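Residue strings, one per chain:
Number of protein chains: 4
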Amino acid sequence: MNYTAILEDIYHQVKPLLTQGQITDTIPELAHISPLKFGMAVQTIDGSLFQIGDAAEKFSIQSISKVFALTMAMQLEGDNIWTRIGREPSGTAFNSLVQLEYENGIPRNPFINAGALVVTDMIISHLGDARRSLLDFIHKLSDEQGIDYDHDVAHSERETGFRNAALANFLKSFGNLNNAPADVLGAYIHHCSLSMSCVELARSSTYLANGGKLPWNDETIIAANQAKYINSLMLTCGTYDSVGDFAYRVGLPAKSGVGGGILAVMPNEFSVCVWSPGLNPSGNSLAGTKALELFTTLTGISVF
Amino acid sequence: MNYTAILEDIYHQVKPLLTQGQITDTIPELAHISPLKFGMAVQTIDGSLFQIGDAAEKFSIQSISKVFALTMAMQLEGDNIWTRIGREPSGTAFNSLVQLEYENGIPRNPFINAGALVVTDMIISHLGDARRSLLDFIHKLSDEQGIDYDHDVAHSERETGFRNAALANFLKSFGNLNNAPADVLGAYIHHCSLSMSCVELARSSTYLANGGKLPWNDETIIAANQAKYINSLMLTCGTYDSVGDFAYRVGLPAKSGVGGGILAVMPNEFSVCVWSPGLNPSGNSLAGTKALELFTTLTGISVF
Amino acid sequence: MNYTAILEDIYHQVKPLLTQGQITDTIPELAHISPLKFGMAVQTIDGSLFQIGDAAEKFSIQSISKVFALTMAMQLEGDNIWTRIGREPSGTAFNSLVQLEYENGIPRNPFINAGALVVTDMIISHLGDARRSLLDFIHKLSDEQGIDYDHDVAHSERETGFRNAALANFLKSFGNLNNAPADVLGAYIHHCSLSMSCVELARSSTYLANGGKLPWNDETIIAANQAKYINSLMLTCGTYDSVGDFAYRVGLPAKSGVGGGILAVMPNEFSVCVWSPGLNPSGNSLAGTKALELFTTLTGISVF
Amino acid sequence: MNYTAILEDIYHQVKPLLTQGQITDTIPELAHISPLKFGMAVQTIDGSLFQIGDAAEKFSIQSISKVFALTMAMQLEGDNIWTRIGREPSGTAFNSLVQLEYENGIPRNPFINAGALVVTDMIISHLGDARRSLLDFIHKLSDEQGIDYDHDVAHSERETGFRNAALANFLKSFGNLNNAPADVLGAYIHHCSLSMSCVELARSSTYLANGGKLPWNDETIIAANQAKYINSLMLTCGTYDSVGDFAYRVGLPAKSGVGGGILAVMPNEFSVCVWSPGLNPSGNSLAGTKALELFTTLTGISVF
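Residue numbers (our numbering), protein chains in the order written: chain A, 1 to 304; chain B, 1 to 304; chain C, 1 to 304; chain D, 1 to 304.
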């Protein structure tokens, strides 16, 4: 299937929405991006790539990195992960401490900040250098060695990310971090600062649409059922406190970030990445969500 | 595809689990059912029926009725529903009042009790007699006129269901019921008391797998996109506070009830209903959940 | 000590505040009172009475009735009360259901609505007719037979008090009511509808300042230590979610009501009642709180 | 009045209770104290001192230091304090983050950890060296230059106090700390590590019973009404989530610490300090609470 005309139609329809979102103010370094940026890329598992707009421009992937970190943790620990992290939607804000207190330091899922901190802690315990190892992993997934962290973004987040520091110390107080809070936080912040384009992100996540294997060389990243598990977690927990609304409107497993990116997967077909910096009140890209909604409507493809 | 052998394999595998669940004690009339009951039925949209065990025996469908009530409300009100009910997973118990207070009387979704009470209120406002109209609707969906309420169960629930009475009054205090709390509660309790078999439930829900139409006569119940919406809501909100775990293990949109039934849908393929009275700590049928997990594993069919 | 000049000074100072409060809208029948009403009465334990303004005009005492109901329950059950009700400030709104859910149906204290419903339930279990018995009790405490319920207020509250109905059913669902929710609610609403003047309220509560005895005939209402207990409960739990602020500013045990009345006690000295219908955001009389603050400042008398 | 015989009676009565409490495990350095320690000292404002048991032995005063830090902040900022801290009981655990999130980073009162961190932040902003300045202040209040921090306790708390680190970062994320979280935390932990005896604590707090002045030289520490304010805050917020129970049983303004100390004040009469390391489930000294209850019962002196 050729998605070129559909992508053009989508771009045309979402243009008026680009200025309606709110650019994140949680990370000063990200505050000055132009709200008019918009890119979208579809990578099919049979090797076709479709793109439009700023699809080749790098942006801060932020929480989308949680998908790749989780994949690493599943490689390293398998189902042991679930003794320290739940897999339920949180029903609260992505950085809330309330649920964590009521549930004794067990984060609700690996896609809220607290859960990703525990995931990062697992990676450190196994591999030591969690920054380097995630970067190597992304290089393999994307088949692209030039991808790197944006150290200015990481620095900016460290200077202002007191709530994440609170979460890390809170987790440690419950005994759910094995490494020092500052070390876990440092690696986590770097993971979030990864700078990638829509094309790179779509390519890096094709293993989720392809039963856990890289399509171009058939290398197994994770088992087929583990890929399904990650897709199910994206659908139920991947888009902050609006997973229900997102599933209703878009109908694809997805993970979003405050940088304005959203990565979505259609099993056995393709992965798709959209980027537009303006966010809706739930913290997901406003025009990006609409673009994906249009995509599943116009193609008639969704998991439901 | 012929599912007979798979159903037999499943029945064999789950038999040892039948006594491990806990039969609900929230409704005295349901407390005395045998934990050894197990039935499962698959109804494909092309008209094939596969069944095993006690699939033809009627049981109390309880919260599964919320799917049918929601369908009626979508017929009557369309997207206006969402001004009075959210569509996000609750992250709390199915009958919690906490979230309702924090969110000013707007239930998180139509599949928790508070949400279903608002749905019932909508039906009463449009049609007056919500008991009769839901029953008529089920007769049409199932093509089976003999289905009826179990008035003993309804009576038992009314005598002991003080928390539902609290919810109804609480909703009214926020102005989110237009009718008298006692009237809404009465209709709601009757809906829950519907007595149906796995075969009847699977058949009654084929419209959700078939783009909103009854497969046998092509009658449109709801629009195709509305059927998708309901499927997405079942996946993100249908199995109490374990939707993430359920999606992870089973990977199908589903709605469960404390009577031990679970209804699941595979879009464009089939609907499936399983019944086993023993519940897991989340309130979903323990053996029923396992049976559905085995079903998607053995068939290789799921939405992910 | 002669408080006449001080009361006059207070009246002068609070007059500009009378229109700054908000008259309650929770009970329609109370919504039409003039905000300019202001009365204050001091009844010393040695028999002197000082009053000013509308101190002889009857108003709806609402939650102040909880003090008298608690006194009855302590007569009937002694310390057994505390197996079903806590004695800690709630840290939440007076009619919140959140805490009740987290703490399994045990209200935080007898001065929030849930606690008073349990107190009322105790009175019904012992005496049957809780309406009549509280009225008889007030007649004895005030030495005034003409005091009665305002049935219009009670009716108005029943028609609109869905949150209290929710609380009663919620308590019943936890097994913390022995009688039918509707019966407990009916008696509770009547207690709240008591119509009394500042003079009558000050007189009715002198037993709390006088070691549990009526000053004029030395009749023991409750033991001296029980009177101290009630005073301590008023100080820590008597003025909704602003007990700390009230203790800070006024420094006397007190109980307020949404009708605009506040009853306060200075042990071994006097009881004092003030009435002004306009409420502050915490639900306590705005001018009434200021009047009591001025009273303890000008007299130099407080418990601290 | 001579309290010698009463103190002897109390010591006799509480001896069997000494082993019933639980020594704190939150600070490893405090875990090895003998549960049989018990001391009590009464310092009257007219200069008499009564003591029994281990009243002259130093212990870790922990949260009792919050009274002295608050006094300093009131000297420095007056009522401006209350723009950044509330004065209501929390209704939750002393180190809960839940309320802080719901109330946007404004701690409920200065006696929970979050509130004391903000108080410490104020002292740093005014005086720079908050460790030194509090120590100087205690030397003046106690007229005793030898009092010092226990650096082993401070070190032990820093190594393990991840929840306090979470609170400090959380407050900073809401903009309610002006200094670096690590600096505020360091000073706060030192304040808690003050090592003082019952005699020293009783003497250091006589200004609260004496209208804000040191009895021995009439020096004004704070205004008389400010002393009343602190007493009222101790009564409504000083003993964790059991202020209601404590007021009910003891009836004095008080502040407790996890080291097993409790400081209480009877305005215009005396201050009293008791120490016994075993805690009740609320975190207050078990035998210490009983000793104070006996003291107010046997002397007939309380604020109610």
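Read the hints as simulated data drawn from the structure, not as lab findings.
A portion of the hints provided could be inaccurate.
One-sided excerpt, in silico: chain B residues whose CB lies under 7 Å from chain C [as the list claims (entries may be wrong)]:
1) E101
2) G105
3) R163
Source: prediction; values computed, not measured.
Beta carbons: idealized from backbone N, C-alpha and C, even for Gly.
Next on the checklist: So, against the hints stated earlier in the document, which numbers end up violated here?
Outcome noted: 2
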